[in-house]
Amino acid sequence: MYSRAYKTAVTIPPLLWVTVFLLLPYAILFCYSFWSVSAAQTIVHNWNLQNYLQLVRNPIYLQVLFRSMRIAASVTVLALLLGYPLAYYLSFHAAKRKDLLYQLVIIPLWASYLVRGYAWKTILGSDGVLNGFLQYLHITHRPVEFFLYSPFAVIITLTHIYTPFTLLPIYASLEHIPRYLVEASHDLGASPWSTFRRVILPLSLPGVLAGATFAFVLTLGDFLAPLLVGGPSGIMISNVVVSLFGAAYNWPLGAAISFCMMLLVVTLLFITERLEKRLAIS
Amino acid sequence: MSAGFQSRGAPLLLSAYAFLVYAFLYFPIIVLVVYSFNGSGVGGFPPAHWTFDWYHQLFMDAALWDAVLNSVMVAAVAVAIALGLGLPAALALDRTDFPGKALFRRLVLLPLILPGIITGLSLLMLFVAVGMKLSLVTITLGHGTALISVATTEIFAGLQKLERAQEEASLDLGANHWRTFWRVTLPNLRVSLIAAALLIFTLSLDEIAVSFFLIGRENTLPLEIWSRLRRGITPEINAISTLILVFSIGMILLWYRLRTRLQRTQESAAPLVPAAIQGESA
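Which chain is which? The protein sequence lines are S and W, in order.
Residue numbers for the first sequence, in this note's numbering: 312 to 593.
Residue numbers for the second sequence, in this note's numbering: 8 to 289.
None of these hints come from the bench; they were simulated from the model.
Heads up, a few of these hints could be off.
Subject to a maximum C-alpha distance of 20 Å in a straight line, what follows is the list of computed SDA-like cross-link-like pairs (lysine to any residue) [unchecked claim]:
| no. | chain 1 | residue 1 | chain 2 | residue 2 |
| --- | --- | --- | --- | --- |
| 1 | S | Lys409 | W | Leu21 |
| 2 | S | Lys409 | W | Val28 |
| 3 | S | Lys407 | W | Ser22 |
| 4 | W | Lys108 | S | Thr330 |
| 5 | W | Lys168 | W | Trp189 |
| 6 | S | Lys318 | W | Trp185 |
| 7 | W | Lys140 | S | Ile354 |
Reference listing, derived: stretches of chain S covered by chain W, where coverage requires no fewer than 3 residues with Cβ under 8 Å from a Cβ of chain W [what the hints assert, rightly or not]:
| no. | region |
| --- | --- |
| 8 | 315-327 |
| 9 | 334-345 |
| 10 | 392-401 |
| 11 | 413-419 |
| 12 | 436-443 |
| 13 | 470-481 |
| 14 | 546-555 |
Please read all numbers here as calculations on a predicted model, not as lab measurements.
C-beta atoms are modelled at their ideal positions from N, C-alpha and C, and glycine is treated no differently.
Kindly produce the complete structure, drawing on both the sequences and the hints.
Now the structure itself:
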């Protein structure tokens with residue numbers, strides 16, 4: 312139906328741009344991961360697998376990776392525990408206030424990451440709002456130090472940031488459930504709880520899967536929250552990459568870690584997409 | 008339509024839980040705003056000595072306003088890049104078929120879900136490889152590239168809702184594809200384009216993960232705030248954060264209203280950007 316010129320005009324420019332500014336950079340990243348740094352701090356283009364071997368041999372990297380995955384899993388679970396009930400409430404019980412309440416979720420979704428991370432820093436800090444509050448009530452007499460600069464602080468901050476991200480696909484899948492199914496279940500005498508468990512929950516699983524993927528992947532790659540509120544015990548895998556690209560000056564090793572992360576993310580996306588399709592069919 | 012189910016009202020426990028989730032989402036934001044008026048510093052409880060001093064100080068802060076100006080320039084050009092390439096990309100995905108289309112869609116949308124650190128780092132390596140000095144230009148290219156994903160999903164959603172009849176009428180009446188595009192398709196997409204521009208502008212203004220790696224000598228606003236955070240925190244940062252929030256919330260609400268205006272004719276709230284990345288299956 313469309314002329315060849317039209318097709319060329321709409322496909323070629325974005326294709327070119329994406330090739331130069333996404334595909335090519337990923338390829339360069341991949342190349343870097345096989346190079347090394349000389350004693351004189353220059354990049355040497357001798358192709359080898361040293362960087363990848365180092366990742367497997369040196370337990371530090373695997374330790375940090377596992378910690379990052381633990382933190383990401385915690386954030387995912389918390390975001391689901393907070394997000395699912397709220398999405399369910401919005402979809403089935405918000406009635407007239409639905410639009411307003413939905414907007415109240417959208418706002419923190421798109422509002423500044425840095426501002427929200429900073430807010431948690433001022434709350435959890437040793438002379439922060441929470442400590443001030445506890446001392447004001449005479450619950451504690453000295454600032455509690457462990458609120459800030461701990462994995463706990465990273466988990467709270469990122470849960471706050473990614474809960475709306477998790478909620479949205481869940482809400483979308485709840486909205487797509489035909490209401491007559493829910494009513495049929497009621498009419499046939501199922502209790503609200505068993506309607507939820509046997510009808511609503513299974514039909515919303517694709518949304519849960521999508522939401523969980525968002526929370527997990529975005530947390531796994533985060534390096535700003537650990538810098539802001541994490542301290543040494545909250546260091547995550549991306550912070551290792553940041554330091555390798557900064558003071559530690561080992562771009563090739565940093566590139567190898569980044570490539571592994573990218574591979575992990577793409578694999579995860581591939582698996583969840585497959586699972587979602589299967590859930591949608593069955 | 009599901010009145011029978013909804014009119015039972017929400018179970019008390021669920022309503023209370025939903026309220027608590029909202030409290031969690033908004034608590035840090037409220038604390039941040041309250042302490043921007045606190046004369047005695049960022050932490051402590053209760054806040055005391057209400058003052059506008061921090062806002063006054065903020066308006067005298069030339070370095071901060073330079074950063075604001077930089078951010079606005081970056082965001083404006085990023086909007087142009089993202090829309091300029093997102094529009095053809097969306098048209099290509101909506102109306103054409105070409106080998107590798109699925110791959111193209113994945114590649115364009117990847118920055119939506121890929122952690123910012125990977126996009127930032129791989130672009131950094133590209134710029135180093137071609138010998139380009141880091142500056143606001145590199146940041147703008149980074150934002151533009153990452154946000155093509157947002158532009159594409161937003162415009163694609165708009166295209167899906169477009170009445171094709173008008174375009175077909177235009178073609179039947181003898182206008183060619185270009186004329187039809189300029190006179191029919193583009194005007195009909197106006198609201199989608201404005202909504203996409205608002206969202207991209209806001210996201211670029213707040214962006215920090217990609218910018219972190221592409222920064223030259225001049226700071227954008229989030230990076231200026233970031234560098235000040237390292238030196239210690241003052242309520243002045245609360246004040247600028249409050250202004251950023253007010254601006255972001257205004258833009259987000261405007262975007263949301265434009266989007267719902269588009270969807271009025273359609274079924275209930277459609278999935279937003281994060282859901283869209285999951286592809287056709289979502």
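Here is how each hint holds up against the structure:
The hinted pair formed by S:Lys409 and W:Leu21 meets the criterion: a straight-line CA distance of about 15 Å does not exceed 20 Å. Annotation: proposed proximity of S:Lys409 to W:Val28 holds, straight-line Cα distance about 15 Å (limit 20 Å). At roughly 14 Å between alpha-carbon atoms, S:Lys407 and W:Ser22 fall within 20 Å of each other, so this suggested pair holds. For a cut-off of 20 Å, the pair hint linking W:Lys108 to S:Thr330 stands: about 14 Å separates their Cα positions.
Restraint check for W:Lys168 and W:Trp189: satisfied, since their Cα atoms lie roughly 18 Å apart, inside the 20 Å limit. For the hint linking S:Lys318 to W:Trp185, the alpha-carbon distance of about 11 Å falls within 20 Å, and the restraint holds. Between the alpha carbons of W:Lys140 and S:Ile354 the distance comes to roughly 18 Å, so the proposed pair stays at or under 20 Å and holds. Counting residues of the region 315-327 of chain S whose beta carbon lies closer than 8 Å to any beta carbon of chain W gives 9, which reaches the threshold of three, so the coverage claim holds.
Only residues whose beta carbon comes within less than 8 Å of a beta carbon in chain W count, and the region 334-345 of chain S has 7; three or more means the coverage holds. With a cut-off of 8 Å between beta carbons, the region 392-401 of chain S has 7 residues touching chain W; three or more are needed, and the interface restraint holds. Counting residues of the region 413-419 of chain S whose CB lies closer than 8 Å to any CB of chain W gives 7, which reaches the minimum of 3, so the coverage claim holds. For the region 436-443 of chain S, the proposed coverage by chain W is satisfied: 6 residues have a C-beta within less than 8 Å of a C-beta in that chain, meeting the threshold of three.
Residues of the region 470-481 of chain S lying with their CB closer than 8 Å to a CB of chain W number 6, which satisfies the three-residue condition for coverage. Only residues whose beta carbon comes within less than 8 Å of a beta carbon in chain W count, and the region 546-555 of chain S has 3; three or more means the coverage holds.
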